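Dock chains B and C against chain A, hints included.
Chains as they are written, first to last, in this note's numbering: chain A, 1 to 295; chain B, 1001 to 1368; chain C, 2001 to 2276.
These aren't lab readings, by the way, just hints derived from the structure by calculation.
Here the structure is a predicted model, which is why all the values come from computation and not from measurement.
We put the beta carbon where it would ideally sit given N, CA and C, even for glycine.
Any given hint could turn out to be false.
As the list claims (entries may be wrong) - Going by beta-carbon spacing under 10 Å, a handful of chain A positions derived as facing chain C:
#1 Trp5
#2 Arg102
#3 Ala103
#4 Lys135
#5 Asn137
#6 Tyr169
#7 Met222
#8 Ile226
#9 Ser264
#10 Leu271
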Amino acid sequence: MSWGWRSVIGVPYIWLALFFLVPFVIVFKISFSEMAYAIPPYTDLVTWANEQFTLSLNLGNYAYLFTDDLYIRAYLSSIRIAAIATVICLLVAYPIAYVIARAEPATRNALLMLVILPSWTSFLIRIYAWVGILKNNGLINNFLMWLGIIDQPIAMLNTEFAVYVGIVYAYLPFMVLPLYTNLMKLDNSLLEAASDLGAAPWKVFMTVTLPLSKAGIIAGSMLVFIPAVGEFIIPDMLGGAETLMIGKVLWQEFFNNRDWPVASAVAIVMLLLLLLPITLFHRYQARELENEGAN
Amino acid sequence: MTQSNQPMLEIRQVSKQFGGLNAVKEVSLSINKGEIFALLGGSGCGKTTLLRMLAGFESPSAGAIFIDGEDISQIPPHKRPVNMMFQSYALFPHMTVAQNVAFGLKQEKKNRLSKPEIAKKVSELLALVRMQDFAERKPDQLSGGQRQRVALARSLAKKPKVLLLDEPMGALDKKLRSQMQLEVVDIIEAVGVTCVMVTHDQEEAMTMANRISVMHEGEIMQVGTPSEIYEFPNSRHTAEFIGSVNIFDATVTQLEADYSRLSCSDLTVPIQVEAGINAPIGASLGVAVRPEKITMSRQQPDVTDNWLTGVVEDIAYLGGHSVYYVKLASGKRVMAIGTNNDRHEQKVTWEDTVYLHWSNTSAVVLYQ
Amino acid sequence: MGKKVSSLGRTYLTLGFIFLYLPILILIIFSFNESKLVTVWGGFSTKWYGELLHDKQMLSAAWMSFKIAFLAASTAVVLGTMASIVMVRMGQFKGKAAFASMITAPLVMPEVITGLSLLLLFVAMAQTLGWPAGRGMLTIWIAHVTFCTAFVAVVVSSRLREMDASLEEAARDLGAPPWKVFFLVTLPIIAPALISGWLLAFTLSLDDLVIASFVSGPGSTTLPMVVYSSVRLGLSPKINALATIIVLLATTGVLTAWWLARRVETQSVELPTHHS
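One chain only, chain A, in its complex shape (with noise of 0.2 Å):
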């Protein structure tokens, strides 16, 4: 392999494996080590004193995630948050990659760009734009009570019912998109033939459509699920205190107790329940690669 090659190669590789890679392997490190008042705030795992090499691997912070059950209950609870979410949003993102992907090529372009337009603005500024809607003297509940609908304000913010908005709300051009790559793909005369052989519109669908749309449903879901497993923004902003999100707890062990090594410990057992969802994703991703070069 020539030179040329080999620096094409290599440049991205040592910026990732440097940035990317080595950072995990350096959270693992410290995870095993004690908060400290210092500089970095933690102990050193190997120290050297009086001629001796000592390894001193802290596992009080893994014993501390398992024993203190906040920790259980968050990760349960982002793992539960983020799954119902994910589903919310396929049912209802896939009814709109469906419309768009059988639309006409004109004005198909225009309608997905539509749909992704709200994400090139700012996330933050979007979540921050329900808070104004949800809250109690909010604008849905400014107007069901001007409606005279209700006399009490309905409590949404600060509820995990806003979480799953705000994950919806946010997410769901990420799960258009592949379930709308996936059914512009899928050959119009497949449907035609299934017509033609006498199955009634529903049953086509059930039968043709969304067996083949799996592919897409599968990214769409891992490219929501997964962040939103870790998601900070939106359970800091929406979802109060009540809400109990993984993601959350380690910003507040990182900024709040500034305990480090505690942080590195919850991230490395966060990394380790989406190990398996990173893995399916990543395998899609493999497959999508396959199918085009066969094409």
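What follows is chains B and C alone, placed relative to chain A:
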């Protein structure tokens, strides 16, 4: 057709493996200067792999390639004296026709040409392919046939020692194809460049090439001029691949100095071939008879050998001629061709009993 | 295609778009609100825009974010394009699968993990190598490049795969060495993808709160960080004004890019079909 006798291109025992797959197996070919040489075969026969090795996009697993006496096997594509016209034409969409044709000339390092010189060469080349008026157009403004001509001009710009054509007519519709086949050959012969083309279309190979190599599963089955391959195929595969053919399974019964006889279960009389056979009596061989060599009649012909009788089962009317499928008593179907040169002639029709016969110089014995 | 967009489908699509755009619209409307409340209309006023433009802290944070985004996007485009070439044009080599996972993993990695891990890296590096000495614009830039490269790689790979590879072979055949092939043939053809990749990376960098919070230092506060701390104190129409400006800029950018892309596509080559 001017050809000299020194081999311009020599392929020596070239093989190519992809993983466990043998795409090309020990192919050796010798191609003369100024020749138009076709690699003909179905998909998967290795012809495209071989072509790509000549261009330099694949390197041989074994063997060597010599151009004008120089071993080019390890030379990268951009340094070879070889240029290729791609199946999809591969015209650069962001450049004009003139820029496309000039591209190769601008890459020359040793004999740098000045801008006016390049412009002159470009207009000469465009004139050669009759595309002078399209110099400033972009590829997406051209028709398929026009793009082909630009691609041809571009690949001739650097006066390569060997020109490679990858399925040159593949992207054109049938009518345009026949016309362009002859046009492209005219241009190539006018320039005098040695040319290797790859095709799966036997008609294309027969029309365009001086010599053809029939390939199958990575190996060369036969090399020869179009008429040699058509009239004297050396194997069943080659006989069946080119044109239509009737093949009879026969056993050698008689060997003489200037003729031989074979017996076949499909015929009541022997097959006679006006040649010696390189096999002993009792050997099982195939005998190939092309449909156009068969004469069809309603009366039994006055010959002792080489005739049979059957019932017309199918007729394919093709305008200029018809193909008759005659079913024999043994169940075998034989193809014969009759030209429709007389409108009022009483035609043979379905269910008719007919007699088919051929001369003893018409059949070819197939040893493989 | 195109025959069966039923009225049910159209209704649903309209509802979907209302869902997507209503919050943004509300933000914009209330940026012109006379009163300080973000949810009760008190009259039309543009005073919040004035206040915004005089807010030194916000302006300097905006400038910082802009600088970082520009540099990060530009670097990410280079790295991402390199990565795409490796993924799409290179055959198998040892470690390609590992390379592929490293490229796509940042797409889904939760930001808190990326942020924490990068901070710990910078701290460790400062301890052992003395560099980076402090955290600031440099560390934010590195962090942003790292996750933006993945997104650029996805966009560019897709375009690279669509492109007819025989164009590159033709250029090589005509005498251009590989590097020339890239700059003369490949680059012009994938240029639209590079541009949209740059825009995507720019947006992601500009908008990042979590990672920047972890890896920034004194004097390198970014705009999202300022917005976040301001929002914690309470809602303010000033933020709405900022939001409106961002929406305006983003919309202009996206529409321009989309319009340009359409112009390029209508001029694109339709290669003839061929037997294989």
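Evaluation of the interface hint that places Arg102 of chain A against chain C, nearest CB under 10 Å: holds, 6 Å
Ala103 of chain A as chain C interface residue, shortest Cβ-Cβ below 10 Å: Hint on Ala103 of chain A: holds, closest Cβ of chain C at ~5 Å, below 10 Å.
Minimum Cβ distance from Ile226 of chain A to chain C below 10 Å? holds, 4 Å
So, as I understand it, the hint says Trp5 of chain A touches chain C; can you test that by seeing if any CB pair is closer than 10 Å? holds, 7 Å
Taking the closest Cβ pair, is Ser264 of chain A under 10 Å from chain C? holds, 7 Å
Given Lys135 of chain A as an interface hint, is the shortest Cβ-Cβ distance to chain C below 10 Å? holds, 7 Å
Interface restraint verdict for Asn137 of chain A against chain C (beta-carbon cut-off 10 Å): holds, 6 Å
Status of the hint placing Tyr169 of chain A at chain C (closest C-beta pair under 10 Å): Hint on Tyr169 of chain A: holds, closest Cβ of chain C at ~7 Å, below 10 Å.
Hint validity - Met222 of chain A Cβ closer than 10 Å to any chain C Cβ: holds, 6 Å
Against chain C, is Leu271 of chain A within 10 Å by beta-carbon distance? holds, 6 Å
Checked against the numbered hints above, the structure breaks none of them.
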